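Q: Sequence:
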Amino acid sequence: MKQLDDHPLFAGVSRSAMDRLAQRAQVRRYAAGDVILRAGDASTELHGLVTGAARVELPGSAAGGRVVLAPPQSFGEMSALSGSAVSATIVAQRDTETWALAGTDLFEVLAEEPAFFRNVSALLGERLRHRTRDAANTLRPAVAVLVTDATVGQPAQILQGLYAGVRHYAAASLDLDAQTFEAAALVKRIQQWRTEGAGAQILMLLVRPDQLDALCPLLEPVDLVLWVVSGGGGPTHHGTAEAGAADVATIRLGARKPVPSGERWSHALDAATFAAAAQHAGSWTRENWPDLDRLVRQICGREIGVALSVGAAAGLAHLGFLETLEDAGVPLDFLCGSSMGGIVSIGYAFFGNARAAADSFCVLAADFARSKGLQWLPRAGLVSLTRMDAMTGELFGRTEFAQLGMPVAVVAADLVAGRRVVLDKGPLALAARATGAIPGLFPPVRVGDAMLVDGGLVARVPADLLATRRSGLRLAALIEPQRRGDAAAGHAGVNALEARFERPFGLRTVLAASWSLLGWWDSVEQAQRADMVVRISTPSSDGFNFAAGQTLIDCGRRAAQSHMSAIRAAAQRVLSPGVP
Numbered sequence: 004m005k006q007l008d009d010h011p012l013f014a015g016v017s018r019s020a021m022d023r024l025a026q027r028a029q030v031r032r033y034a035a036g037d038v039i040l041r042a043g044d045a046s047t048e049l050h051g052l053v054t055g056a057a058r059v060e061l062p063g064s065a066a067g068g069r070v071v072l073a074p075p076q077s078f079g080e081m082s083a084l085s086g087s088a089v090s091a092t093i094v095a096q097r098d099t100e101t102w103a104l105a106g107t108d109l110f111e112v113l114a115e116e117p118a119f120f121r122n123v124s125a126l127l128g129e130r131l132r133h134r135t136r137d138a139a140n141t142l143r144p145a146v147a148v149l150v151t152d153a154t155v156g157q158p159a160q161i162l163q164g165l166y167a168g169v170r171h172y173a174a175a176s177l178d179l180d181a182q183t184f185e186a187a188a189l190v191k192r193i194q195q196w197r198t199e200g201a202g203a204q205i206l207m208l209l210v211r212p213d214q215l216d217a218l219c220p221l222l223e224p225v226d227l228v229l230w231v232v233s234g235g236g237g238p239t240h241h242g243t244a245e246a247g248a249a250d251v252a253t254i255r256l257g258a259r260k261p262v263p264s265g266e267r268w269s270h271a272l273d274a275a276t277f278a279a280a281a282q283h284a285g286s287w288t289r290e291n292w293p294d295l296d297r298l299v300r301q302i303c304g305r306e307i308g309v310a311l312s313v314g315a316a317a318g319l320a321h322l323g324f325l326e327t328l329e330d331a332g333v334p335l336d337f338l339c340g341s342s343m344g345g346i347v348s349i350g351y352a353f354f355g356n357a358r359a360a361a362d363s364f365c366v367l368a369a370d371f372a373r374s375k376g377l378q379w380l381p382r383a384g385l386v387s388l389t390r391m392d393a394m395t396g397e398l399f400g401r402t403e404f405a406q407l408g409m410p411v412a413v414v415a416a417d418l419v420a421g422r423r424v425v426l427d428k429g430p431l432a433l434a435a436r437a438t439g440a441i442p443g444l445f446p447p448v449r450v451g452d453a454m455l456v457d458g459g460l461v462a463r464v465p466a467d468l469l470a471t472r473r474s475g476l477r478l479a480a481l482i483e484p485q486r487r488g489d490a491a492a493g494h495a496g497v498n499a500l501e502a503r504f505e506r507p508f509g510l511r512t513v514l515a516a517s518w519s520l521l522g523w524w525d526s527v528e529q530a531q532r533a534d535m536v537v538r539i540s541t542p543s544s545d546g547f548n549f550a551a552g553q554t555l556i557d558c559g560r561r562a563a564q565s566h567m568s569a570i571r572a573a574a575q576r577v578l579s580p581g582v583p
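Position 574 of the sequence shown, counting from 1, maps to 577 under this note's numbering, and the rest follow consecutively.
Where hints are given, some of them may not hold.
[Claimed, not checked] The calculated EDC-like cross-link candidates involving lysine to aspartate or glutamate, where the alpha carbons are at most 16 angstroms apart (straight line), are:
| id | residue 1 | residue 2 |
| --- | --- | --- |
| 1 | K428 | E266 |
| 2 | K191 | D180 |
| 3 | K191 | D216 |
No lab work stands behind these hints, which were simulated from the structure alone. Since the model is a prediction, treat every value here as computed from it, not as a measurement.
Turn these sequences into a full structure, and let the hints guide you.
A: Spelled out as structure tokens, the structure:
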């Protein structure tokens, strides 16, 4: 049975075992509204969806605790394997077909198949993560508000194209052209959706700009407001204050360039893409509509986001980490970082792939290592502002965030206001200098009325930005220098460090050692806001060795490869239809 072969529960199971399961699987058909499993009843069967969709009703949860599953997802595994009563009622959302396997058959056939039990453990862990992460919003039905004006032609077609993708990922979502609705009717419809909609499903509303004010008080962090503008003109990224608590994004119809200076990143799509997607609504694939799929996954909270940590020169290891994800086919939808993690995030998006970024970074880092541009009479930093301007200008020129191929955000610290600053618009070179301005080594960067220095002061690894963007899978890469704790190593280490302190410009060594310690000391705690943390071990002596670029990049590759199986599995769940 092909449906069994395609199911992630059976990945890695032997061919002979799969053939025996296929012989024992039974096909079950249900009409819309039929109860497949009822909470409290005894059940010994595992069901897998073949066609249709199933609504899971969790007793006692917010909004009725409704979530919707879609093929190839399964349900009933806990009862089938443990013999315990069913914990949730499963109802056919529409005409639905499943395959069913008895628990006794599963145990008999799969008793010698460790891959199956690893897959079950991963599934249960993922469901626990999904239920407990952002608990207040996990089961809330979401709203996506599409805002257009008279300059945008055929807005209903844009809505239909988006909905084709949204219903692929989130079965039982709804779309509604509400441009003619009165404010009271719009408010009532959203309130009704919060009560009757299924968790993780989307109500897509097409509205006029003047209708948005009435909706803002109802919008929540699970929601998204999408402004649609034509070409390079018009307003682009409106402030979140204009959208209540919801996230905000912009769709540009036509070419991304030119864009007004100082704007945030926006989705650039042709009107024809929406029309084609609407016509082929039943055959959605990421490969057919890659750019539109990225937008749809942002709407559905299915983006894969990566937060990169501080690390000074060791932060170059992030390039190897990203390259390995890229080679494995894991889509990278959003990058953020502090200090060198922020600079690598910008560089990856600017060059378009990890290898190109690594080549340019290594050449520049080696040049910096040979001639650091140290000032004989240091002012705000040991390295001159002229040298920093030249380096970032050589890398990024005058490119701005809005011109990148993917959204990026970096963190800096404001010495004036004593706060964290998130940079996601304006010149890349300026943001790179600010996020990596290690106090004492590099001079602060003035941006308006803010005086910005290294983001590591306020966020070692800004994984919380992934939650703000509603990423479906949140990865954190954490640089950790290797440290030997034995007494002999400690005695030799302190002697060597003391000797370096006594050399001319020994201040550099003091600053480097101190910033290395600060960089990793509480990074682990901050990284726990991600779903998965990959620790990248680097030689402790290379924390500020900018000439060791390739060695450090190899460290990142090895760390990613050691976690690749788990990362692939988590990414596949986010990229598949139904609730992850």
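Q: Next, verify each hint and record whether it holds.
A: Against the structure, the hints come out as follows:
1. K428 / E266: holds (6 angstroms)
2. K191 / D180: holds (15 angstroms)
3. K191 / D216: Between K191 and D216 the Cα gap is close to 14 angstroms, so the pair holds against 16 angstroms.
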